[in-house]
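*Asks:* Following the hints, put chain B in place on chain A, whose structure we already have.
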Amino acid sequence: MTVKARAVPSPSILSGLLLRWEWLLVVLLGIACMVNASLSPYFLDVHNLFDMTFHFMERSLIALPMAFIIISGNIDLSVASNLGMSTIIMAASYKAGLNIWLAMLLGLAAGAVGGLINGLLVARVRLPSLVVTLGTYALYRGVAFVILGDLVVTGFPSSFTAIGQGYVGHTPIPVPLVIFAFFAVLFGLLLHRTAFGRLVYAVGNNETACRFSGVAVDRIRIILFTLSGLMSALAGVVLSARFGSARPNIALGFELDVITAVVLGGVDINGGQGTMPGVVLALFLIGVVRYGMSLKNVPGQIQNTLIGMLLIVAILLPQFLRRLASRSRA
Amino acid sequence: MSDMSENLLELKGISKSFPGVQALDNVDFDLRPGEVHALVGENGAGKSTLVKVITGVHQPDAGEIRFQGQPVTFPNPLVAQQHGVAAIYQEPTLFPDLSVGENIFIGHQPVRPMTRRMDWKRLYERAGELLNALGVKLDPRTRVRGLSVAQQQMVEIAKALSLNARILIMDEPTSALTLRDVEDLFRITRRLREAGTAIVFISHRLEEAFELADRITVLRDGHYVGTRPVPSTTTDEVIQMMVGRTLDTLFPKEEVEIGEVMLRVEGLTKEGLFHDVSFELRRGEILGLAGLVGARRTDVARAIFGISPADSGSIWVDSRQVRISNPQEALALGIVYVPEDRQQQGLVLPMDITQNITLPILREFARRGGWLDNSAERETAQEFAERLDVRAAGLWQKVQQLSGGNQQKVVLAKWLAARPHILILDEPTRGIDVGTKAAVHELMSKLAGQGMSILMISSELPEILGMSDRIVVMYEGRVTAHFTRQEATQEKIMAAATGQPFSNS
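Keeping their order, the protein sequence lines are chains A and B.
For the first sequence, the positions run 1 to 330 when the numbering used here is used.
For the second sequence, the positions run 1 to 505 when the numbering used here is used.
Chain A extracted, bound-state conformation (with noise of 0.2 Å):
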């Protein structure tokens, strides 16, 4: 008697409750798209569903390191205050005379020291991830004011602001989009396809297991916080280029919309589960339903509390399905 692997196929990974789950998110968009419909007769038109995409890239670009740090069983709450941090870094720097380019290079290693720092208090100090970027959640959003106070920087170059407002080419499509396609998939790439990705599974599964295999588990940790900080900053860099300004408390509370979308996204709160598809797929439908309620002028603060209620939901629904068919089974 030995394996059967052949005989029997083996499921693919899109099967079971995950596959359910995705599917679920794919007809929720339709829903959310429909009732946009309804709201407004532009809606479905291309040019607006591809403008549309304009206000949540940023978030986006945020959650794809975000997925992998819930998997490996952490979180990262300074993401938003890291986004402001080396955004004013870069926009101050500018401001000082240095080149826009060389400003931004500038931004984006604040944001990966940023997060390197996460990474080394977590992972070497061994605080718990919730704690370290609760701290610095304060800090780094601090360390934005002290170099602006309530100033505000603008008159960035056109070339600049190209990444965030412009085309590409003569299509429709925004520069963010693809920026933040390049990147999903990347990101999609290396969770599923690499040795890196998977071991950020098997950390999320049983960190214990994996230090008593020889697995490096605080370099794993590092270097998803660094990442996450890297690409705090580049989202940085394409909303103040939206914008066209930086001020110290941009993208404000955007760690709820970046969390909720991953969580929605089917990414387990406990860590050790989720796919970048799902991620993707949630990210898409919470810019959808934010969009729709703006076309019906629902202000900022009701929308939050809605995107609060939907992250509860999100992180409870999982849980009482696996009860139920847990006790469907008994």
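Since the hints were derived computationally from the structure, they do not count as laboratory data.
Check the hints yourself; a few may be wrong.
As the list claims (entries may be wrong) - Derived, one-sided and incomplete: chain B residues facing chain A with beta-carbon distance under 10 Å:
hint : residue
1    : 91
2    : 305
3    : 328
4    : 359
5    : 483
Cβ coordinates follow ideal geometry from the N, Cα and C atoms, glycine included.
*Replies:* Just chain B now, kept in the frame of chain A:
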């Protein structure tokens, strides 16, 4: 029947089985008021299961419990408690932020009759009386946090007395105590005995059982071996009773040529855990590391594997001194460690067989840009799963769905796939079925024959004796004996493992 009535508690023909294990098989045990009755046996002999039957945690499958001559059942711990059964354990289970007095009366606090409010004055008065009766100098108003383990155990005992305990079970109470504290504990135990309390005393230190107990009952592999009154028995006799099973399961260690020294450990010390541990392991050799639970063998293995490195001492691999500060470095030196707790430390349960087997060597399947070569990975997993005869529906099956034996095979497959030179096995056959056990032993023998060096931690003497070329015995963090295969006997090992100087009588 007249002699039964003098027993406070009597257990007859108690059997209890768990899936795959017969924990107790027709065990007798009785307890008289005013005696200390020691319960001894190797790990897995059934001591804790018997205690849990007495305290109502487990219900026996067969057998009878009599309390003061009357048949009783203890369907839950509360009923046992109402019959005056109390237990204290190795690690006290108190509330650290409450006072001593509150801990003693937790759950049955004195209250004022009308208002039902806590009667603090009476609580502390009675707590003080109980502690006085035990001869313990401890203010009932002090917080438990900050008390020594010994003091906390005194509080536990006072708590038991506050419940009018007539049967007190002490499960390894001394293993966390200093010598002085042990003497205090014994003094109090004797005082309780004089007051008529019946005491069940469990310890792996035989000399303690002999110092304190009036009678000693020996269990072995879930069977009742016998009961001896202390003055008329000897440690040699009790050791004989503990180990004296026939070696009916023969282990197939083949004769192989023993080569050069592969691993040498010298003076390895970790404060509070183990001291001055030295041994060497040769090519093709199986070195048995014997001892009882708590002998710190696992801590030594973890130090060698780099999970929690030692404070001092040296490790030599292939006659080169090395520093191993994490498992990655151990792995690079060809050292792997198969942990005892395979569910927590050995496996990622929600992941599949392939993913578990390739976890330590995933890098080998990473192509350009970190791309995972899934078919190469599956081939390797298939190869080692087949070699270990893992029984599963397929390699995609999640490890959590496999039986204990198959899980252990996956852990072994994982580490063999890493092609180690030095294999450390921690209780490699604990909790797995007989068939898998034999397969594991056969595999070990084969690996040694291929030149692998194996360090095997085992608490099962037949396994140690059957598989090992040489044996190192540890007791409380120190190496107490070295034996060759020829010199070793169960009695010698058990004596060294319980800290006894063995008399060759």
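*Asks:* Does each hint hold? Answer for all of them.
*Replies:* Cross-check of the supplied hints:
Interface hint status for residue 91 of chain B: violated, as the beta-carbon distance to the closest one in chain A is roughly 21 Å, over 10 Å. Look at residue 305 of chain B: its Cβ gets to within about 8 Å of chain A, closer than 10 Å, so that hint holds up. Hint status for residue 328 of chain B relative to chain A: holds, with the closest Cβ pair at about 5 Å, below 10 Å. Residue-level restraint check for residue 359 of chain B holds (minimum Cβ-Cβ distance to chain A is 5 Å; threshold 10 Å).
Violation of the interface hint for residue 483 of chain B is found here, the shortest Cβ-Cβ separation to chain A being roughly 30 Å, above the 10 Å cut-off.
Of the numbered hints listed earlier, those contradicted by the structure are 1, 5.
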